[in-house]
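Participant: Protein chains in written order, with our numbering: chain A, 1 to 160; chain B, 161 to 722.
Hints may be right or wrong, so weigh each one.
[To be verified] DSS-like cross-link-like pairs, simulated, lysine-lysine; straight-line CA separation at most 25 Å:
| # | chain 1 | residue 1 | chain 2 | residue 2 |
| --- | --- | --- | --- | --- |
| 1 | B | K355 | A | K55 |
| 2 | B | K338 | A | K12 |
| 3 | A | K66 | B | K482 |
| 4 | A | K12 | B | K293 |
| 5 | A | K62 | B | K293 |
| 6 | B | K293 | A | K18 |
| 7 | A | K18 | B | K302 |
[What the hints assert, rightly or not] Non-contacting residues of chain A with respect to chain B, defined by C-beta distances greater than 10 Å in every case (computed):
| # | residue |
| --- | --- |
| 8 | A3 |
| 9 | F28 |
| 10 | D31 |
| 11 | S44 |
| 12 | I51 |
| 13 | I68 |
| 14 | D78 |
| 15 | S87 |
| 16 | P96 |
| 17 | S97 |
| 18 | D98 |
| 19 | R117 |
| 20 | A124 |
| 21 | A127 |
| 22 | T128 |
| 23 | Q156 |
[To be verified] Derived CB-CB ranges, DEER-like:
| # | chain 1 | residue 1 | chain 2 | residue 2 | range |
| --- | --- | --- | --- | --- | --- |
| 24 | B | Y644 | A | L88 | 51 to 59 Å |
| 25 | A | L88 | B | D431 | 57 to 65 Å |
| 26 | B | K654 | A | M1 | 19 to 27 Å |
| 27 | A | N27 | B | R647 | 29 to 37 Å |
| 28 | A | L86 | B | A271 | 35 to 43 Å |
| 29 | B | T264 | A | V37 | 20 to 28 Å |
| 30 | B | A271 | A | N29 | 54 to 62 Å |
| 31 | B | G268 | A | A116 | 36 to 44 Å |
| 32 | B | W345 | A | L88 | 46 to 54 Å |
| 33 | A | E101 | B | K453 | 54 to 62 Å |
Just so you know, the hints here were simulated from the structure itself, not pulled from any lab data. Everything numeric in this text was worked out from a predicted model, so none of it was measured. Beta carbons are placed, not taken as given, at the ideal position from N, Cα and C, and that holds for glycine.
These are the residues of each chain, in order.
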Amino acid sequence: MWAILSILVENKPGILFKVTHLFRSRNFNIDSISVGVTQNPEFSKMTITTIGDEKQIEQIVKQLDKMIDTIEVKRLDDKKTVFRELSLFRVKVSKPSDSMEINNIANSFGAKVHDARRDSIMVALTATPEQINNLQELLAPYEILDIARTGVAALQRGGD
Amino acid sequence: MEKISGARSLIKALEKQGVKEIFGLPGGANLPMYDELYKSNIRHILVRHEQSAAHMADGFGRVSRRAGVCFATSGPGATNIVTGLATANADSSPMVAITGQVPTAMIGRDAFQESDIIGIANPVVKYSFQPTKATDVPEVVKKGFYIAETGRPGAVLIDIPKDVQTNEAEIPFPEEVKIRGYHPWTDPDIVAIEKAIKLLLSSTKPVILAGGGVIISSAFAELQSLAEMLMIPVVSTFKGKGAFPENHTLSLGPIGMHGHAEANKIMSEADCVLAIGTRFSDRSVGRFDEFEKNLKIIHLDVDPAEIGKNQTTSVAIVGDVKASLRIFVKLLMQKAFKKTEENEWLKHVTEVKQYWRDNLKLHPGELTAAKILRKLREVMPAQSIVTTEVGQHQMWASLFYDVISPGTFFSSTGLGTMGWGFPAAIGAKAARPDLPVVDIAGDGSFNMTENSLATSVLDNLPVIVFLVNNYTLGMVAQWQRTFYDRRMIGVDQKQCPDYCKLAESYGAQGIRVGDLNELGQAIKAGLKSNVATVIDIPIDPEEDVLPFVAPGTSLKDMILPS
Chain A
1 MWAILSILVE NKPGILFKVT HLFRSRNFNI DSISVGVTQN PEFSKMTITT
51 IGDEKQIEQI VKQLDKMIDT IEVKRLDDKK TVFRELSLFR VKVSKPSDSM
101 EINNIANSFG AKVHDARRDS IMVALTATPE QINNLQELLA PYEILDIART
151 GVAALQRGGD
Chain B
161 MEKISGARSL IKALEKQGVK EIFGLPGGAN LPMYDELYKS NIRHILVRHE
211 QSAAHMADGF GRVSRRAGVC FATSGPGATN IVTGLATANA DSSPMVAITG
261 QVPTAMIGRD AFQESDIIGI ANPVVKYSFQ PTKATDVPEV VKKGFYIAET
311 GRPGAVLIDI PKDVQTNEAE IPFPEEVKIR GYHPWTDPDI VAIEKAIKLL
361 LSSTKPVILA GGGVIISSAF AELQSLAEML MIPVVSTFKG KGAFPENHTL
411 SLGPIGMHGH AEANKIMSEA DCVLAIGTRF SDRSVGRFDE FEKNLKIIHL
461 DVDPAEIGKN QTTSVAIVGD VKASLRIFVK LLMQKAFKKT EENEWLKHVT
511 EVKQYWRDNL KLHPGELTAA KILRKLREVM PAQSIVTTEV GQHQMWASLF
561 YDVISPGTFF SSTGLGTMGW GFPAAIGAKA ARPDLPVVDI AGDGSFNMTE
611 NSLATSVLDN LPVIVFLVNN YTLGMVAQWQ RTFYDRRMIG VDQKQCPDYC
661 KLAESYGAQG IRVGDLNELG QAIKAGLKSN VATVIDIPID PEEDVLPFVA
711 PGTSLKDMIL PS
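Whole structure, please, built from the sequences with the hints as guidance.
Facilitator: Structure below.
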């Protein structure tokens, strides 16, 4: 089971270490992680996605909640949540027709093309992890030279 | 406002917390705080190794229920206390460790005696602080004690760079502290308690499992009232040993790997358990999946993260154990409830208990574990404080030393730290100088921190070391005999040292005994002595701890004495 956790923490040095260490020491898995300061500079928000069964995820939430530096821990319902990840792919261009095909694939995903060169193209996509995985699958035959993904950032929709 | 140094503010803050004793060892990076301690009325108890300072603070904390305090310098001084921090934290013992650190400008430069103790200790403390300004010190101390002593108690580390100790400033002393992400108090959950009562009353084979949380919250009277009102038998975890008087008719003693046969048997047969202040350690309940099979679990604990961690619960009650048990009792009183002793389950429990107590096969010989520990119980006053080391002697204490006065038995049950018991006994004596303190020890464990004899003698903290001596690492030897086809390696301690001479060399008293009569006299001599007394009791190295639940099996699969 995939879960999105939104964790409001004190914006102090060492907190990211403590949170990630909790996952390590409790034998939990971090699927992706992103951190940024909130509108209140005293707090940071971490979004962690993780995989586990219901009991494990419940235990992760409890252990995170128990940490003294966490202000609030929420497990987000992915149906009521906007969640996005930024991904960058540098894809090899082997022959002239590749450029157009890669561009077409990028356009069909709403991705943007950056840094187009004779031998490679960089594609940027902000989307759900699943959409990014789909794009990656389609770009793979051209040879992906390099990849960078940010991890998920998530916010619950208004009114929920 | 007068300007004072960070070190001065530290000692003042400790005085304001009511600290009377500090266990420690000075070094370069904590000399400013020692220099201020020189001017204070706080008693400094000098250790010979920082690990012992931490264990003494731990022992002090478990007995007094106030955080014990230890000091260590930076680098190796700080890393030497890590075992003590982990031990205290694993057993939810309140403790504040204060370490010196290299000056802030040197941090991260691999300076002499620098260690990232905050990073090293993070997994084994409840919380840690490293103030970077002298003005932060009193607030950090206040918060540290608050975190260490409240909710589920634990170990707190305060690491103070040397320049933060020496810098002078106008330093405020907060009266109150607020920690946004820390809410240790939970109101007792009355609805859940009502559900629990209903479940307990509808079950036919209920058992109460008392954990260390009962001792931490001193909920002895409440537990006893509840057990007696419902006439439910009480088993304990090993950490909960002595949460309920072990000479009570409803008491069956500890369950678990080395639990009492009758306790394991009854626990395996129960249909409902009220588990109080326990984390369901694998050493207590055996295989997790087997334990919860056919059993309805009511789990009461102050730590919400413990609910459902190791066992699936039918009713979860999050809250302070004492406050919650009071509500249990109050609700039962409103029902004017008092169960009679006439029920089939209790009759069966009594029979099982009697059967095992009458038929437990014991090791033959004069000085056997059962005989010597029963002798200790016979001679020691009921209120005596007991600590143990870790190993066979610890489990024999579980089996054969009945705790009569609740909350007087302490052991390293979570981390299982050899060398804990003796320094912890010294810490316990500092907390309660009016009570006799005995460390039930094995030679392997005692060997690890025996240099605390110097502290015991010179700082006038006399305790009895009841040395169950088989000149071997007994528990490892037992496992090698049982599971490794007697391939004995690394366990023979070859009758070295001579513990009586060792004790005497420190100015303590050493008595070797050859029979039970001598043992009784030695214990009496220890009780009267104003220095530590090491009673060396040679036993058969082949004696096993039985019954025994092998790792990875369930409580019903006990290995019994043949």
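Participant: Which numbered hints are broken by the structure, listed smallest first?
Facilitator: 5, 13, 26, 30
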